[in-house]
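Participant: Kindly generate the complete structure, drawing on both the sequences and the hints.
Chain by chain, the residues:
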Amino acid sequence: MGLLSEIFIEPFILIADIPDLFIQTLWEGFVSGILYALIALGFVLIFKASGVFNFAQGIMVVFAALALVSLHTKFGVPAWIALLLAIAIMGLLAIGIERIVLRPLVGQPDAILLMATIGLTLFLQGAGETIFGGEPQSMITEELGLPTGATDWHVLGGRVTFQHIDVAAIIIAGLMVAGLALFFSKTRIGRALRAVADDHQAALSVGISLNQIWVIVWFAAGIVALVTGIMWGARSDVSFALEVIALKALAVLILGGFTSVPGAIVGGLIIGVGEKVFEVYWGGIFGGGTEAWFAYVLALIFLLFRPQGLFGEKIIERV
Amino acid sequence: MSTAEEISPAETILEVNNIEVIYDHVILVLKGVSLTVPRGGIVAILGANGAGKTTTLKAISNLLGAERGDVTKGNIVFKGNEIQSLSPNDLVRRGCIQVMEGRHCFGHLTVEENLLTGAFTRKDGAAAIKADLELVYNYFPRLRERRSSLAGYTSGGEQQMCAIGRALMSKPEMILLDEPSMGLAPQLVEEIFEIVKKLNSNEGVSFLLAEQNTNIALRYATYGYILESGRVVLDGEGAALRENEDVKEFYLGIGGEGRKSFRDVKHYKRRKRWLA
Chain A
1140 MGLLSEIFIE
1150 PFILIADIPD
1160 LFIQTLWEGF
1170 VSGILYALIA
1180 LGFVLIFKAS
1190 GVFNFAQGIM
1200 VVFAALALVS
1210 LHTKFGVPAW
1220 IALLLAIAIM
1230 GLLAIGIERI
1240 VLRPLVGQPD
1250 AILLMATIGL
1260 TLFLQGAGET
1270 IFGGEPQSMI
1280 TEELGLPTGA
1290 TDWHVLGGRV
1300 TFQHIDVAAI
1310 IIAGLMVAGL
1320 ALFFSKTRIG
1330 RALRAVADDH
1340 QAALSVGISL
1350 NQIWVIVWFA
1360 AGIVALVTGI
1370 MWGARSDVSF
1380 ALEVIALKAL
1390 AVLILGGFTS
1400 VPGAIVGGLI
1410 IGVGEKVFEV
1420 YWGGIFGGGT
1430 EAWFAYVLAL
1440 IFLLFRPQGL
1450 FGEKIIERV
Chain B
33 MSTAEEISPA
43 ETILEVNNIE
53 VIYDHVILVL
63 KGVSLTVPRG
73 GIVAILGANG
83 AGKTTTLKAI
93 SNLLGAERGD
103 VTKGNIVFKG
113 NEIQSLSPND
123 LVRRGCIQVM
133 EGRHCFGHLT
143 VEENLLTGAF
153 TRKDGAAAIK
163 ADLELVYNYF
173 PRLRERRSSL
183 AGYTSGGEQQ
193 MCAIGRALMS
203 KPEMILLDEP
213 SMGLAPQLVE
223 EIFEIVKKLN
233 SNEGVSFLLA
243 EQNTNIALRY
253 ATYGYILESG
263 RVVLDGEGAA
273 LRENEDVKEF
283 YLGIGGEGRK
293 SFRDVKHYKR
303 RKRWLA
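If you're matching them up, the sequences are chains A and B in order. Just remember that my numbering sits 1139 ahead of the position in the first sequence, which is counted from 1. Just remember that my numbering sits 32 ahead of the position in the second sequence, which is counted from 1.
Hint data in this document are derived by calculation from the structure and do not stem from the laboratory. Heads up, a few of these hints could be off.
[To be verified] Restricting the straight-line Cα-Cα distance to at most 30 Å, the calculated cross-link-like pairs of lysine-lysine (DSS-like) are: (1) 111(B) with 230(B); (2) 162(B) with 1325(A); (3) 155(B) with 105(B); (4) 105(B) with 1325(A).
Facilitator: Shown next, in the form of structure tokens:
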């Protein structure tokens, strides 16, 4: 009886009692959900265009953020120039990956490409630690002109705190997704990217260069990684521990479907909000710490009942 | 088989000289195929399943690489330059594009977007591309009606038109057309071939097409090659091939003397006359 009440009654009494805590929890979940969604977005971009499951997306987030911070703090480059240089580094990385990893492995089975991206993960880890050092660093939030501080919102007899950086993160993420969507639907290169995602052979036959397209998607994924790294770094620290959190993007992908950009976003939000709310209201039953596994259990449940995800690719079949 | 002198002195756009193609380093598919396409011609490659028609086209368009195929002997000359080492996109830029067997439209793109991907390699500006889009819609009015539908939801005939239109958007001088009749109703096949003929005479596009439907292909083609087990076994003017007794018997199903089982004659005769 006690357990049932803990599951079905007490949490809702708590929600009704302290509504501002509930709103705060939702907000926190929403923000981390956006960040999960951004990491998942990087995966989806690459998976769609090249069929490669990019295990290295998480480490790319760390690598990009570390490059940015170190350029400023270690090498004394002004923040905005460091940002541009970090973008350039992600571009060079994309070219390098295409030349050295993808091109020689064209036509190999998917498992081999996955292994290659695991190798890439280890390489970026090693290179990152060697060049930028392994200790956690704080993000250069203020130098980049990102807002700090917080605003309180008094509501329902309590107050909810909004960190300005979180608000900025959501706005920037929204702009970036809108920008990507426009790029995909309106530009010549975007059209070519979707064509490649649809049918590699046919894309080749109309003269689309796969090598060029791969560089572009890896670059796009690199920029998404950089933005994610900045936002996440501003909330905690920039360190290699971020990579573990990036693994949660796998759960997001299972929820949202590997090929769907809206799926990545909705999946990210479900997991972000879900794990926060679950931890605050039901976490006590499990002795807390549910955030570490909630996403994966949810993903397992999805695998059982809807393996293609919420927004898995519509398979067009004509009869 | 030398063919250069049999063709009228018109300029040659494509020449395939004695090519051999091996898949996966072991499977020999083409055993020395030669053919010539005059500028402005419609040339057909005919033959049964597995004869090597698609492989020949893919060897020309350089799409073999993705399937672990390799041209190991011979050479291919397009507009006077050897092209075996070019990438497919270089070749499209130079004016030779393939329409693959089974259409291969981009299912999740609209018909219009499909057409526009064909213009990917062009650098001559949005206005020129838009003008060509109009041109394609004039040849294929059906595509104009379906312009905003996803290509995956259009009919087989519309997809074939979409694939040909898409190739046309690259402003090609030559189109390699693989099995345009596949899976289409006879009336539609006729319609497609009529458009091919129109494109050929109005736009000056040369065609090299692979077909199993010998009858219709030889009605439209100026010249034909018959491929069997990776070799050219017979070639000639379209009209002459249609009158050839062997072609009639083997491919058009018109027997010389009364009814008999196709299976009985086929083997020994082919061996005797062609493969000896």
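Participant: If a hint holds in the structure, say so; if it does not, say that too.
Facilitator: Hint-by-hint comparison with the structure:
no.: 1; hint: 111(B) with 230(B); in the structure: holds, 23 Å
no.: 2; hint: 162(B) with 1325(A); in the structure: holds, 15 Å
no.: 3; hint: 155(B) with 105(B); in the structure: violated, 34 Å
no.: 4; hint: 105(B) with 1325(A); in the structure: violated, 44 Å
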